[in-house]
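Going line by line, the protein sequences match chains X and H. So that you can map any letter, position 410 of the first sequence is 410 in the numbering used here, and since no number is skipped, the others follow by simple counting. So that you can map any letter, position 195 of the second sequence is 195 in the numbering used here, and since no number is skipped, the others follow by simple counting.
Simulated from the structure, these hints should not be mistaken for lab results. Bear in mind that the values here come from a model prediction, so they are computed numbers and not experimental data. We put the beta carbon where it would ideally sit given N, CA and C, even for glycine. Some clues are possibly wrong.
[What the hints assert, rightly or not] Partial chain X-side listing against chain H, Cβ under 10 Å, derived:
hint, residue
1, E245
2, D252
3, L255
4, V284
5, V288
6, H292
7, E297
8, D316
9, T325
10, D329
11, R333
[Claimed, not checked] Pulled a few chain X residues facing chain H out of the computed Cβ check, cut under 10 Å:
hint, residue
12, I248
13, V249
14, T256
15, A260
16, R287
17, A291
18, P294
19, A317
20, A321
21, I332
[Unchecked claim] Have a look at the derived ranges for each label pair, beta carbon to beta carbon:
hint, chain 1, residue 1, chain 2, residue 2, range
22, H, P153, X, N193, 56 to 62 Å
23, H, H15, X, R225, 18 to 24 Å
24, X, T251, H, A46, 29 to 35 Å
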Amino acid sequence: MLLVVVERSISRYAAAATEGGLRSEAAVLQDDDRDGGRDNLIKEIERHRRAGAEEAFHYQVADRDGTMLLNDTDERAAKLGKGTVAVHDGPGAAVENFESLGVPLTNGGVLVVATDTYDILELRNRLDWITILAGVGITVFALAGGYVTGGLFMRRLDRVNEAIGHVVAGNYAQRLPTIGISPEFDLLTTNCNVMLDRIAALMDGLRQVTTDIAHDLRTPLSRLRQQLEATLEAGDASQYEAGIENAIVQTDQILTIFRALLRIGTLEGGDGRQRFGTVDLSEVIGRVVAAHEPVAEDEGQTLIAEHQAGVTVAGDADLLAQMMTNLIDNAIRHTPVGTRIVSRLERTDSGIVASIADNGPGIPADKRENVLARFYRLDRSRNLPGAGLGMSLAAAIASLHHADMVLLDNGPGLLIQVTFPAAGA
Amino acid sequence: MKLLLLEDDEATRAHLERILVAAGHDVDVATNGHDAIAMGSGGDHALLVLDRMVPGIDGLGVLKALRAAGVQAPALFLTAMDGVHDRVEGLDAGGDDYLVKPFAAIEVVARVNALLRRQPAHDVSTVLRVGDLEVDLLQRRVSRAGSRIVLQPLEFKLLEYLMRHTGEIVTRSMLHENVWSFHFDPQTNIIESNMSRLRSKIDRGFGHEFIHTVRSKGYRFVAPS
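The following block holds chain X by itself, in its conformation from the complex:
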């Protein structure tokens, strides 16, 4: 396309240049004719022929009656205006058409100046050839280059696809090789690998949870089954009734586990944020702590509230009450008589911090993360009631509120800190 445009421009320029040459030559010779008559004109033409070899003009000079005083062309007559004249350049040469320009001379004479267009034609032809050769060359080069790099790319892409095939086939440890060639491709495979890491972690989690659910529900279900079997052999109506009531209580416990699991699942899916409003966290935590003060007292513990008033966060009051209840329940349940449990709520530079601190036995640093996992129970708590879901649920609620829940050493005891993003942040 570009070549066509270039070729056209060159042709047009060349044609204009030819015409310009003819006009100036004709004008000079007209002046000579006017100044010195035909003889002077012929003499000047002879001089031009000797001097301007490269211009190679051809001339016709005719008188009023058409008599040719000079004629370098094959034409019999001299025509005024632009045109072409037939010329054969030297003996035995082919006849060519020259661009010509006829101008009037004094006394009704006519001067025709003609010039070779061969240069332009040759330029055009050569340009065409260059165009074709360049086009073919570039195409061949591009094809060859494309074939080589494409082949390289395809081979590396094949390796990537092969790796993906392994992942699809169930080898979740497989990672994609780098493609190379350009940083964008490497970024792509790196990102895919990060995604695969995440998927693998999720799969592990899922497998873990499925196994845990099966395992942890087997215990209460087996107990329920034994209970029902025993009831079947009950001697009298009151034993029968007590057995059934017991079975209902156990069924309720199993349902409670299901409910907690469903809730954790729903919350982890992010369901709940659409109804967030402004929550008076001071009121919510105050209410939860007030409800539990007598519970702690009954357990021989002290529950102390140190809350700033009027602290608000964006969230769901019911869920936040449940989170705080689970954290306080956890502290009451897993610490001995005489433990002092402190609930704090304060605005800090890093956000709004709600915390529950106790001076009980604490949790070893390497076990703290596990406490937030579903069904996890420390060995020393296995004989206590509960399913190990309370802390997971609390963590899910915190995460729904974009709050950061961390378990720290209270030296001695456990400190659970929930940091909400500062209001308006």
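Based on these hints, arrange chain H on the given structure of chain X.
Coordinates of chain H only, in the frame set by chain X:
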């Protein structure tokens, strides 16, 4: 006093009908939203028990339609167990209470009775009296047989709720919801611990005990005979 029950699941419907009839109620049963609207728009039901998830128009839609038609009867929603916002949505639609499936029979009966005997809106008495127990809601003063009893704010709230439901069974979840505004099962002993403190203050040392524990059901505030 007829109740309108909307429930599409046959087993649950039969179970609920049996429970409600056993508790002495007449029950009209609808199995889909259209029937429920047709049956309920006459306004001859004292209470609506609506399952949220039914084919066609769901429970929320039914209640909205009935409220628009001028039906004022209180409504109890039955919801599946995993909805985080079911309660709020139910209340927004004009519901008065909600119950998460599966539920104990006593829970249904207690809530239905509570809704049916709800204090009329024009009851503006500021003093509750049961036997020799007197609660001044404005002064927030409690006295029994003339002697002043000092209660914590939540103990006061618990007592007020029990007194307003004198003679009825109130379940644990009703107490969680209405006294502490906990719309979840706290799994902790807050009721036992708070109830024992309230008991020691209003019942200990007097002839008649107001607060009775109803085993595996809940509590009942009993007036002296």
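Verification of the supplied hints:
Because the smallest distance between the Cβ of X/E245 and any Cβ of chain H comes to about 6 Å, under 10 Å, the interface hint for this residue holds. About 8 Å separates the beta-carbon of X/D252 from the nearest beta-carbon of chain H, less than 10 Å, and the hint is met. Satisfaction of the interface hint for X/L255 is found here, the shortest Cβ-Cβ separation to chain H being roughly 6 Å, below the 10 Å cut-off. Residue-level restraint check for X/V284 holds (minimum Cβ-Cβ distance to chain H is 9 Å; threshold 10 Å).
At a threshold of 10 Å, the smallest CB-CB gap from X/V288 to chain H is about 8 Å, leaving the interface hint in force. Given the 10 Å rule on beta carbons, the hint for X/H292 holds: about 6 Å separates it from the nearest Cβ of chain H. Look at X/E297: its Cβ gets to within about 7 Å of chain H, closer than 10 Å, so that hint holds up. At its closest, the beta carbon of X/D316 sits 8 Å from a beta carbon of chain H; the interface hint therefore holds under the 10 Å criterion.
With a least beta-carbon distance of about 5 Å to chain H, the hint placing X/T325 at the interface is held under the 10 Å criterion. Checking X/D329 against chain H: minimum C-beta separation of about 5 Å stays under 10 Å; hint holds. A distance limit of 10 Å between C-beta atoms decides the matter here; for X/R333 the minimum to chain H is near 8 Å, and the interface restraint holds. About 8 Å separates the beta-carbon of X/I248 from the nearest beta-carbon of chain H, less than 10 Å, and the hint is met.
At its closest, the beta carbon of X/V249 sits 7 Å from a beta carbon of chain H; the interface hint therefore holds under the 10 Å criterion. With a least beta-carbon distance of about 7 Å to chain H, the hint placing X/T256 at the interface is held under the 10 Å criterion. This hint holds: X/A260 has a C-beta 9 Å from the nearest C-beta of chain H, less than the 10 Å allowed. Annotation: interface hint on X/R287 holds; nearest CB of chain H at approximately 6 Å, less than 10 Å.
Evaluation of the X/A291 hint against chain H yields a held restraint, the C-beta minimum of about 5 Å falling below 10 Å. Checking X/P294 against chain H by beta carbon gives a least distance of about 4 Å; that is within 10 Å, so the hint holds. Interface restraint check: X/A317 against chain H, minimum CB-CB distance 8 Å, threshold 10 Å, status holds. A hinted interface residue such as X/A321 counts as satisfied when its beta carbon comes closer than 10 Å to some beta carbon of chain H; here the least separation is about 6 Å, so the hint holds.
For X/I332, the interface hint holds, the least distance from its beta-carbon to any beta-carbon of chain H being 7 Å, beneath 10 Å. With their beta carbons about 57 Å apart, H/P153 and X/N193 fall inside the hinted range of 56 to 62 Å. Restraint check, H/H15 to X/R225: a C-beta distance of roughly 23 Å satisfies the suggested window 18 to 24 Å. Hint check: X/T251 to H/A46, Cβ distance near 32 Å, so the stated range 29 to 35 Å holds.
Going through the hint list in order, the structure satisfies each hint without exception.
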